[in-house]
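These are the residues of each chain, in order.
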Amino acid sequence: MANTPTPIGGKYENKDIVSLDQFSSKDINILFKKVGLMKRIANKAKKSEILKGNIVALIFYEPSTRTFSSFSAAIKRLGGETIDLRDLERVSSVAKGESLKDTVRTLEAYCDALVIRHPEKGTAELTSEYIEIPVINAGDGTGEHPTQALLDLYTINEQRGALGGLTGLMVGDMLNGRTVHSLIRGLSKFKNNTVYLLSPKELRLSVSDREDFQKRGIRLIEIFSENEIPRNAHFWYWTRVQKERFKNLNTYNRVKNRFILNPDLIDKYAGKKTIFMHPLPRVLEIAEEVDKDPRAMYFRHQLKNGMYVRMALLGLVLGRLK
Amino acid sequence: MANTPTPIGGKYENKDIVSLDQFSSKDINILFKKVGLMKRIANKAKKSEILKGNIVALIFYEPSTRTFSSFSAAIKRLGGETIDLRDLERVSSVAKGESLKDTVRTLEAYCDALVIRHPEKGTAELTSEYIEIPVINAGDGTGEHPTQALLDLYTINEQRGALGGLTGLMVGDMLNGRTVHSLIRGLSKFKNNTVYLLSPKELRLSVSDREDFQKRGIRLIEIFSENEIPRNAHFWYWTRVQKERFKNLNTYNRVKNRFILNPDLIDKYAGKKTIFMHPLPRVLEIAEEVDKDPRAMYFRHQLKNGMYVRMALLGLVLGRLK
Amino acid sequence: MANTPTPIGGKYENKDIVSLDQFSSKDINILFKKVGLMKRIANKAKKSEILKGNIVALIFYEPSTRTFSSFSAAIKRLGGETIDLRDLERVSSVAKGESLKDTVRTLEAYCDALVIRHPEKGTAELTSEYIEIPVINAGDGTGEHPTQALLDLYTINEQRGALGGLTGLMVGDMLNGRTVHSLIRGLSKFKNNTVYLLSPKELRLSVSDREDFQKRGIRLIEIFSENEIPRNAHFWYWTRVQKERFKNLNTYNRVKNRFILNPDLIDKYAGKKTIFMHPLPRVLEIAEEVDKDPRAMYFRHQLKNGMYVRMALLGLVLGRLK
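Chains as they are written, first to last, in our numbering: chain A, 1261 to 1582; chain B, 1261 to 1582; chain C, 1261 to 1582.
Some hints here could point you the wrong way.
Identical copies go unnamed one by one, so any copy, or any two together, can satisfy a pair.
Keeping only pairs whose Cα atoms sit at most 27 Å apart, straight-line, the calculated DSSO-like set for lysine-lysine is [said to hold, decoys possible]:
#1 K1564 - K1361
#2 K1451 - K1294
#3 K1503 - K1299
#4 K1312 - K1451
#5 K1533 - K1552
#6 K1293 - K1451
#7 K1294 - K1304
#8 K1361 - K1552
#9 K1582 - K1304
#10 K1312 - K1299
#11 K1312 - K1564
#12 K1299 - K1361
#13 K1564 - K1294
#14 K1312 - K1294
#15 K1507 - K1381
#16 K1528 - K1564
#17 K1582 - K1312
#18 K1532 - K1564
#19 K1528 - K1299
#20 K1507 - K1271
#21 K1532 - K1451
I should point out that these hints are in silico values taken from the structure, not numbers from a laboratory.
Same shape as in the complex, but just chain A (with noise of 0.2 Å):
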């Protein structure tokens, strides 16, 4: 029974992010007119006052260096402060049997808003309906990342001009990833978008994502053979099959290399402009000639994206850019 988080409905100033459902195409549209501003400010290294008085708690619940260093350095880059909180079975109350709803509580007495990160479906929302600053979902366990597929819906428009009317292909854990799911929700906003979606069968979506995802109007294709893939798509999206979701590492074991994105399949599948894309980390499923292409977005692109994003998120958010 999942709630229906609050949409942003043109009014971003308080809200908290929990999930890709909560924006319209208008919304973020409103959110990428931002982007702009936040890439010159990063870019000059003259620290901005935007966020200049504000305190964020980062609070990592499980290991990351991309969304943890990224919100870090989107905060820092507009004059605001943060405090960390990771590893938080070691050096926190947590340590001493505190709830999760003490411990956001009591960051709330000293932040000025909160991002998380849980290995648990539906705690960014959990923790948004127990304080009442703004809380952003940093990634919950096979929930959502919607800062991510905010990231990446940019650099898709950035790179391709558009964001409806698109042929995509998604590779990777397509039942677990939450990359992958908040990306779905964010294209179903715009119209007339395909996407395959190739992954072993241990890895397909659930029926009730399926159904879910089918009722948005996006029109998605279930292919498991990398004969399937359509030819010269907009995108391509690679994913990591994540060791941290298996109890069983046989099955792991069997399926994380299953699809690896390498020079032959590109020169078989992929066109002149198709862009490929990952939300890393990456392992093995991305062979490391391909970093090279001018096509690869990840390294080059949707990082720097992400922290333009999340500073004009942060300071939409924090009612600091009007």
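Using the hints provided, position chains B and C relative to the given structure of chain A.
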């Protein structure tokens, strides 16, 4: 053989803050007079420059969410910076066999003040003897936690209009509870205070603590059953029975939930203005439904007051608040 | 097959700092000329804006108190910000199997420079090849620790008035000690230096290091007994025998405390102006009573000089100090 720490004597600059024993009632009033300004700074989300250019080391040898975050926010809201050293056995030279003495002498070279939490009683005072920059005790095992007691006193004064002539109730682990010990020391500085101490017999005050406190002019009444709770006390101060202080888990399990703050107990013994306090983290010793009671101070007032009191204390100790 | 890192050649901006081999004596003098200004900034407790708007990643794969805190303070005292990644196996995507290469390429997207400590020799240089922002080596296993050597040289110059024509003594683990290796490289750049190397036979310089150093024009004399210590040397440089470098703990236990710096040894061999240095952490190899000797530099001068030298280096490398 306890040392006597230096009294504040009306002058905070460059003082170590290791024990409530250093404070006279006048010193406490000097501190509390600065808190109003701190509140205004924190609430306008406009970073102050009071601690601009100051770096404070937060060195935590024990887990902490609240105290760590509260000090961190206090410093940052005043424009200062922190160097965070947590989980020290893993990430620092303690892992290479370095002594506490050498570790803090090292930090002294880089920082302007040092906040320390440590599992062993007396460590904060020892630290203050090793180095010349101000040292603030953020909890030393079963010893003291002076900034907790100061925020507790501030909250009592704010809510009940005085710090003398009070009747209070303290519940939980009187043997090991450092927050209780510090608060008793604090209340002893004001006239005509009576505190009932409710604990399992196994966790009553030690003989030496009882003798020490009795000399200070506070009236302490030990009770071992809820029936003996005085009606209509000015404040109730509940505490967690701290698992980490027990060598024998059987003892812990026998005593941990002996006394629970719940609506029944409140109906029987509390008055309309009795305030309910807890230093947090709370595990099961306060029923969650009490959280909504307007007399419950632990989330609504104690946390924020803690940040304000720490802001004022740091500003004074670092000589930046006059 | 060691690569040759790029020489500074009088121009610090955008250079990686991985080895003392990059520095000429002139480069070292350029750096040291900036240190006075850094001292004045740090001591007036007035935050500089020299690094305002810069974010530096501190990525530590090994425990560190001193180097971590010193870099952190250096950056913050100049108005810059840090992103701290410590204990990486636990809190980052390294836990998900991400390569060092991908991790640092990620941080490059958010930060303006990267300071790295890693247990494997050569890692800092490898890192500098992966990314384009400046990389600073904060210790790479048994390899180098160039900022330590720079602060050591600064301290020798400050105390003894020159960096050439010196007679020194280095004691401890000559085989694995990276601070010793970096300092020998540094002293080689100046004329007429002689260094006595006192170590257990098991920990003497490797053949390849000895050959390498001999080519550089420094005179090295290996000794294996305290009786051979030269009288009245300009400096003594003691080091810890690093437990973490030993595969066999029996060997470690046999050699760890062979040579102890104590008042007896000082009386026998030191001169009135001989300075006593140590990179810290110290375990048992310097008797605590030596700490008070005015000739002991390790707490009084080396630590602070380390912060000043790192401030100057960061300002130069980031192009903000001219």
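Hint check results:
1. In this assembly of identical chains, the alpha carbons of K1564 and K1361 lie at most 27 Å apart only when taken from different copies (17 Å versus 33 Å within one copy).
2. Taking the closest pair of Cα atoms, K1451 and K1294 come within 27 Å of each other only inside a single copy of the chain (23 Å); across copies the shortest separation is 59 Å, beyond that limit.
3. Proximity of K1503 and K1299 under a CA criterion of 27 Å is satisfied in neither setting, with 34 Å inside one chain copy and 47 Å between copies.
4. For the homomeric pair K1312 and K1451, neither the shortest alpha-carbon distance inside one copy (39 Å) nor that between copies (44 Å) is at most 27 Å.
5. Taking identical chains as interchangeable, the C-alpha atoms of K1533 and K1552 lie at most 27 Å apart only when both belong to the same chain, with a minimum of 15 Å there against 58 Å between chains.
6. Taking the shortest Cα distances, K1293 and K1451 sit within 27 Å of each other inside one copy (20 Å), while across copies they are farther apart (61 Å).
7. Taking CA atoms no more than 27 Å apart as the test, K1294 paired with K1304 passes in both settings, with 16 Å inside one copy and 25 Å between copies.
8. Only between protomers do K1361 and K1552 lie at most 27 Å apart by alpha-carbon distance; the minimum there is 14 Å, versus 45 Å within a single protomer.
9. Taking the closest pair of Cα atoms, K1582 and K1304 come within 27 Å of each other both inside a single copy (21 Å) and across two copies (18 Å).
10. Taking CA atoms no more than 27 Å apart as the test, K1312 paired with K1299 passes in both settings, with 18 Å inside one copy and 17 Å between copies.
11. When the C-alpha separation of K1312 and K1564 is checked against a cutoff of 27 Å, the pair qualifies both within a copy, at 22 Å, and between copies, at 20 Å.
12. Taking the closest pair of Cα atoms, K1299 and K1361 come within 27 Å of each other only across two copies (25 Å); inside a single copy the shortest separation is 36 Å, beyond that limit.
13. In this homomeric assembly, K1564 and K1294 come within 27 Å of each other (Cα to Cα) only inside a single copy, at 15 Å, whereas the closest approach across copies is 33 Å.
14. Taking identical chains as interchangeable, the C-alpha atoms of K1312 and K1294 lie at most 27 Å apart whether they share a chain (18 Å) or sit on different chains (23 Å).
15. When the C-alpha separation of K1507 and K1381 is checked against a cutoff of 27 Å, the pair qualifies only within one copy, where the shortest distance is 16 Å, while the shortest distance between copies is 37 Å.
16. Taking CA atoms no more than 27 Å apart as the test, K1528 paired with K1564 passes in neither setting, with 29 Å inside one copy and 60 Å between copies.
17. When the C-alpha separation of K1582 and K1312 is checked against a cutoff of 27 Å, the pair qualifies both within a copy, at 15 Å, and between copies, at 25 Å.
18. Taking the shortest Cα distances, K1532 and K1564 sit within 27 Å of each other inside one copy (23 Å), while across copies they are farther apart (56 Å).
19. Proximity of K1528 and K1299 under a CA criterion of 27 Å is satisfied in neither setting, with 36 Å inside one chain copy and 62 Å between copies.
20. Proximity of K1507 and K1271 under a CA criterion of 27 Å is satisfied in neither setting, with 41 Å inside one chain copy and 54 Å between copies.
21. In this assembly of identical chains, K1532 and K1451 lie within 27 Å of each other by CA distance solely inside one copy; the values are 24 Å within and 60 Å between copies.
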